[in-house]
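Chemist: Produce the complete structure using the sequences and hints provided.
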Amino acid sequence: MAANQQQQLAHDNDSWKKQLNLPTKDTRPQTEDVTATKGNEFEDYFLKRELLMGIFEAGFERPSPIQEESIPIALAGRDILARAKNGTGKTAAFLIPTLEKVNVKKNTVQALLLVPTRELALQTAQVCKTLGKHMGVQVMVTTGGTTLKDDIMRLAETVHIIVGTPGRILDLAGKGVANFSECSTFVMDEADKLLSPEFTPIVEQLLTYFPKERQVMLYSATFPMIVKTFKDKHMVKPYEINLMDELTLRGVTQYYAFVEERQKVHCLNTLFSKLQINQSIIFCNSTNRVELLAKKITELGYSCFYSHAKMLQSHRNRVFHDFRNG
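Position 295, counted from 1, in the sequence shown is what the working numbering calls 385; the numbers after and before it change by one each time, with no gaps.
A few of these clues could be false.
Claimed, not checked - Below, in silico cross-link-like pairs of lysine to aspartate or glutamate (DMTMM-like), each with a Cα-Cα straight-line distance of 20 Å or less:
1. Lys191 x Glu209
2. Lys265 x Asp282
3. Lys138 x Asp104
4. Lys318 x Glu350
5. Lys219 x Glu147
6. Lys191 x Glu140
7. Lys108 x Glu140
8. Lys107 x Asp169
9. Lys386 x Glu350
10. Lys195 x Asp261
11. Lys385 x Asp412
12. Lys219 x Glu209
13. Lys265 x Glu247
14. Lys354 x Asp322
15. Lys239 x Asp261
16. Lys196 x Glu209
17. Lys108 x Glu147
18. Lys115 x Glu151
19. Lys318 x Asp282
20. Lys283 x Glu294
21. Lys223 x Glu247
22. Lys223 x Glu140
23. Lys321 x Asp282
24. Lys196 x Glu140
25. Lys108 x Glu151
26. Lys219 x Asp261
By construction, these hints were calculated from the structure, which means they are not laboratory data.
Modeler: What follows is the structure, encoded as structure tokens:
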């Protein structure tokens, strides 16, 4: 009888998986940055079933190395200082424990995810909503490109997690619109940029609105000396994770070419014509160069759009949306 009960219990525990709306399996080759795991499963962390549903429906199968290192420590409430490459599941490494700890019955802001750019804020918020879609978690994104009035109206309703950029978050806190007095989770993604001379004073002032008993988690690919200063001042015995033996993903080869200014467009045209490139992103060091180069590439017969900080946020969103959709 006991054996039959155990079998029935195991069946009940697994039956929910059969009802998941799983995406098409990703068959693209993966590098060791993602595959060199300890063999853990997401179920090993005793996460809420609703969160597990969101994780699996988002296409995650097993935790990546940074997720294996980060999730159990974050769930234990420790401060974390983590170095990991982009493209290794770093975002989910802090989103999963953050979502797990949210109490949806409380109508308070319980976590702040701080990022340096509007685009990263939108991307992070979308991943957060996707992972937490079965939990009833209310996620809000706010950046310098959104209207303050909309943020005030949104914060009049229930918000559990806020994703945003430093200046706007400090503005909301300073005006008393965003209340962080019960916000126990403070996450900084791309912490090296957030602790640059431009942002450090804002971040430190923002922390004064948080309770003393809080969890601070920093994630980045690089950690300059300013991070140590911040760690010593604002973190309590942080657990340090370092999965960085090199900056780029294994399997990614980088090339550089020395060309004169007048040869750059010709060089790009040669690369486009010789290589099979479906999509590419070109970075420039000024907004003027961005627009000028986009114009020249378009004249060569390629579909080219540009995005920079002086554009309306709605236009930038449209460019990234169209790019993601091919």
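Chemist: With a cut-off of 20 Å on the C-alpha distance, tell me whether lysine 265 and aspartate 282 pass.
Modeler: violated (27 Å)
Chemist: Is the straight-line distance between the alpha-carbon of lysine 108 and that of glutamate 140 20 Å or less?
Modeler: Holds, at roughly 14 Å.
Chemist: What's the verdict on lysine 318 and glutamate 350, does the C-alpha distance respect the 20 Å limit or exceed it?
Modeler: violated (40 Å)
Chemist: Regarding the pair lysine 223 and glutamate 247, is the alpha-carbon distance no greater than 20 Å?
Modeler: This hinted pair holds, its Cα atoms lying about 18 Å apart.
Chemist: Given the hint that lysine 191 pairs with glutamate 209, test it: the Cα-Cα distance must not exceed 20 Å.
Modeler: violated (26 Å)
Chemist: Checking one constraint from the list: CA of lysine 321 to CA of aspartate 282, max 20 Å. Satisfied?
Modeler: holds (12 Å)
Chemist: Is the hinted pair lysine 107 and aspartate 169 satisfied, with a Cα-Cα distance of at most 20 Å?
Modeler: Not OK: lysine 107 and aspartate 169 at ~33 Å, beyond 20 Å, violated.
Chemist: Within 20 Å, alpha carbon to alpha carbon, are lysine 385 and aspartate 412?
Modeler: holds (18 Å)
Chemist: Holds or violated: lysine 354 with aspartate 322, Cα cutoff 20 Å?
Modeler: Not OK: lysine 354 and aspartate 322 at ~45 Å, beyond 20 Å, violated.
Chemist: Hinted pair, alpha-carbon criterion (20 Å max): lysine 239, aspartate 261. Please report holds or violated.
Modeler: holds (12 Å)
Chemist: Sort out whether aspartate 104 lies within 20 Å of lysine 138, counting only the CA atoms.
Modeler: holds (14 Å)
Chemist: Would the hint linking lysine 219 and glutamate 147 be met if the CA-CA limit is 20 Å?
Modeler: holds (12 Å)
Of the numbered hints listed earlier, those contradicted by the structure are 1, 2, 4, 8, 10, 14, 16 and 26.
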